[in-house]
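These protein sequence lines are chains A and B, in that order.
Once you know that position 259 of the first sequence is 259 in our numbering, the rest is easy, because the numbers rise by one and skip nothing.
Once you know that position 178 of the second sequence is 178 in our numbering, the rest is easy, because the numbers rise by one and skip nothing.
Keep in mind the hints are simulated off the structure, nothing from the lab.
Note that the coordinates shown come from a computational prediction; the quantities given were computed from them, not determined experimentally.
Cβ coordinates follow ideal geometry from the N, Cα and C atoms, glycine included.
Just so you know, not all the hints are guaranteed correct.
[As the list claims (entries may be wrong)] Once the Cα atoms are required to be at most 27 Å apart in a straight line, the calculated BS3-like pairs of lysine-lysine come out as:
1) B/51 <-> A/35
2) B/13 <-> B/51
3) A/271 <-> B/160
4) A/35 <-> B/13
5) A/54 <-> B/160
6) B/51 <-> A/54
7) A/54 <-> A/35
8) B/60 <-> B/13
9) A/164 <-> B/160
10) A/271 <-> A/164
[Unchecked claim] Facing chain A, a subset of chain B residues (Cβ under 7 Å, in silico):
11) 26
12) 27
13) 32
14) 53
15) 103
16) 110
17) 127
18) 133
19) 142
20) 144
21) 146
22) 151
23) 160
24) 161
25) 163
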Amino acid sequence: MSNERLSAKNRPSEEILNAFVDGEFSPEDRLYTLKTIASSEHLSREVCDMHQLKELVNMAYEDVPAGRASGGRCRLSRGGRSAWFPSVAAGVLALVVGSLGGYEVTRDAGFFGDNHSAATGQDAGALAQVAASDEAPGGAAAPQQVFSATKTDQVLLHINEGDKRAMAELLDDIESMYREAASVGRDLDVQVVVHNNAMDLLRADSAPYPERVASMAQDYPTLRFTACAQTLNRLAREEGRSVDILPQAELIDSGVAEAARRQAEGWIYIKV
Amino acid sequence: MATWFAQRRLRQKVCDLRPQMYRMAFAWCHDAALADDLVQEAMMKALTRLKSLQDEGALKAWVFRIMTNCYRDWGRRQKDTVDVDSMELPCEDCPEQQTERNRMVADVHRAMAQLSTDHRQVVALVDLEGFAYSEVSEVLDVPIGTVMSRLSRARAQLKKVLLEQQADTGTAADTPYLKVVRNRHVE
């Protein structure tokens, strides 16, 4: 290695050296810079120092002190530091509303208040934001009245895809909805309409979560699991045998027709 | 409109980023509780705004940008009462600091804490998460040139502070974890 000192004009700037260390250059530029660095012992040491510093910083934060939610689970609600989080209620609300963020929600009135005539999942998320950012005078938590005062909320969840993970998450969301409704003293009716590829959810011979469906049906009397008879008939034809459903499930003539009927009756329609 | 399954996938990705977000938040503020709160707030905002995300490939930078804004908002609320001196940094003579590695970690934390917030954020984003400069530019909403100059100044200051710390504690000669000491100008 040459000890030749580069002239100030040819010497790469500190920014360029940092960019080199951080791998920001194209292969050609990297090669050119590498040659320049290699031509000076001083530059080589400087770049080496930068590499060491980078590694040192990385190492210093490998094991950071655990926070309250250090278990690695995804917590959608929040709590703790009052200056940060104005309302526990808003956090719980965000859990439910946030979880609905992926659904398509349509309804003429109701679930998120009378002022929101057609709430999409994104709107629901925005509502959660508003709720979470509001503070009562003095910084205290301001209870958020999300539901209207007197009506029972009626939600139809329409599932027709056979993804088991989605089914589990659907059940999670239903439980969250009931918890939230209970926390704000609201009545809630939920009907799950299952048809097409999602029928496994309610099939007696292949349901992925039969115990959970049973316990939820018991815990929430206003929760109904309904199976499309047309889908069951088709499956019976294809498989050459009758297809039984879980005892907690009810038969409806047509999943699509039921969804349309409930929408006409003013139920919130959520396509899963 | 993105499908429900796409949204589900994105939500899971946001959740999966949690450990990285926490490490980053801790590097910014050196306060476990605050870092936890920062992550929670950022995750909640990200989850409720997922549909505004245009490019799924930019999810990570987008989430960190949200957390940057959360940190900035916190700083605005706290700037009259909080400075680096109030950060919960490891003590220098606690038993757990007696090992070489722990002492080194504590030194780096102290050095990082002495950086300005802007500098600390850039260093953490580049060194901890390996963000490209263009991504850091997006996350912090500053030009790439600003990213480069902040990073350059931040590392120069880090190096200076670490060398001073070593000189103060007399550890440079026998435990040169920061070998820049030996690599200084040898004319």
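Going through the hints against the structure:
no.	hint	in the structure
1	B/51 <-> A/35	violated, 47 Å
2	B/13 <-> B/51	holds, 14 Å
3	A/271 <-> B/160	violated, 58 Å
4	A/35 <-> B/13	violated, 41 Å
5	A/54 <-> B/160	holds, 14 Å
6	B/51 <-> A/54	violated, 36 Å
7	A/54 <-> A/35	holds, 22 Å
8	B/60 <-> B/13	holds, 9 Å
9	A/164 <-> B/160	violated, 55 Å
10	A/271 <-> A/164	holds, 16 Å
11	26	holds, 4 Å
12	27	holds, 5 Å
13	32	holds, 4 Å
14	53	violated, 11 Å
15	103	violated, 11 Å
16	110	violated, 10 Å
17	127	holds, 4 Å
18	133	holds, 6 Å
19	142	violated, 14 Å
20	144	violated, 9 Å
21	146	violated, 11 Å
22	151	holds, 5 Å
23	160	violated, 11 Å
24	161	violated, 11 Å
25	163	violated, 10 Å
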